[in-house]
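Student: Residue numbers (the UniProt record's numbering): 1 to 255.
Treat the hints as calculated values from the structure; they're not laboratory data.
Just so we're clear, the structure is a prediction, and the values are computed from it rather than from any experiment.
Some hints could be false.
[What the hints assert, rightly or not] Across the chosen pairs, the derived CB separations fall in these ranges:
| # | residue 1 | residue 2 | range |
| --- | --- | --- | --- |
| 1 | Ala72 | Glu214 | 30 to 36 Å |
| 2 | Asn73 | Arg53 | 40 to 46 Å |
| 3 | Pro219 | His185 | 20 to 26 Å |
| 4 | Leu204 | Glu99 | 38 to 44 Å |
| 5 | Ala137 | Gln245 | 38 to 44 Å |
Glycine included, every Cβ here is placed at the ideal spot set by N, Cα and C.
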Amino acid sequence: MFSKTAPSPVLDLNADLGEGGFQDEVVLRHVSSASIACGGHAGDAATMRESLRLCAMYGVEAGAHPSFPDRANFGQQAMNLPAVEVMALVREQLEQLKEIADEVGVTLCHVKLHGMLATVASQQPTVARAVAQAVHAAELHRVYVRAGADCELRREVSALGLEVVAEGFADRGYAADGTLLPDPHPQAVLPYERSLAQGLDIGLRGTARAVTGELVSIPAQSLGVHAYLPEAPRLVRDLSAALRQAGIRLGNSCA
């Protein structure tokens with residue numbers, strides 16, 4: 001139980017936007033930050049502009065959500081690219097979103113990788129280094145990394161003096177080693193009831209139950225949901241309400 005006299009713990013509730021769903025605005029009413037697809041797996045100039053406009057309207061921190069250039073597979077296909085190409089493609093996506101953000105008067109506050117790029121950057125030092133260098137070159141300073149498992153991206157981002165935000169996921173299934181289950185797995189995406197329970201477990205206790213039953217440590221500063229999933233509006237509404245009721249303040253610290 002949280003003390004009524006102590007400051008409320010703060011947790012960022014993040015949603016991925018601009019990925020082709022029609023629920024972004026409803027979801028934005030209940031989150032504190034949003035990561036906007038910037039042309040790799042989804043999104044174009046029009047969706048980026050609209051997502052940034054909605055973030056400004058609802059007072060939600062805006063960030064970039066780059067990926068491998070893989071629209072056919074929604075960014076879930078691994079691509080064996082030289083590090084210099086990874087750096088270039090990430091920087092290109094960041095710069096494109098940043099240019100539009102400048103036009104509409106919105107500050108980009110973070111970078112959060114999507115799909116297979118996030119997975120590969122968590123595991124491969126050369127890719128992680130290329131991503132960190134792209135973020136640094138784009139003059140962005142905060143990177144979301146996956147909480148739970150050992151993460152190369154965390155090391156490379158920290159080495160460049162960038163801020164690291166550890167993120168857990170309410171609506172994605174975890175393996176026993178703390179990694180996210182790959183998309184083909186039948187429990188990669190969790191149903192509403194399990195997503196709500198897992199979101200509360202991560203937000204309040206820093207743990208999640210792996211699909212094989214093990215208790216996994218997920219020490220997260222941010223809790224992610226996917227706005228394109230059918231149950232996303234109900235999930236973020238109920239999750240944000242339950243977290244606040246438990247004494248958690250939803251917010252971020254965009255500098």
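Student: Does the Cβ distance between Ala72 and Glu214 fall inside 30 to 36 Å?
Tutor: holds, 34 Å
Student: The hint says 38 to 44 Å between Ala137 and Gln245; measuring C-beta to C-beta, is that right?
Tutor: holds, 42 Å
Student: In this structure, is the beta-carbon distance linking Asn73 and Arg53 contained in 40 to 46 Å?
Tutor: violated, 28 Å
Student: Within 20 to 26 Å: is that where the Cβ-Cβ distance between Pro219 and His185 falls?
Tutor: Since the Cβ atoms of Pro219 and His185 sit about 23 Å apart, the hinted range of 20 to 26 Å holds.
Student: Does the hinted range 38 to 44 Å hold for Leu204 and Glu99 at CB?
Tutor: holds, 39 Å
Going down the numbered hints, you'll see the structure goes against just number 2.
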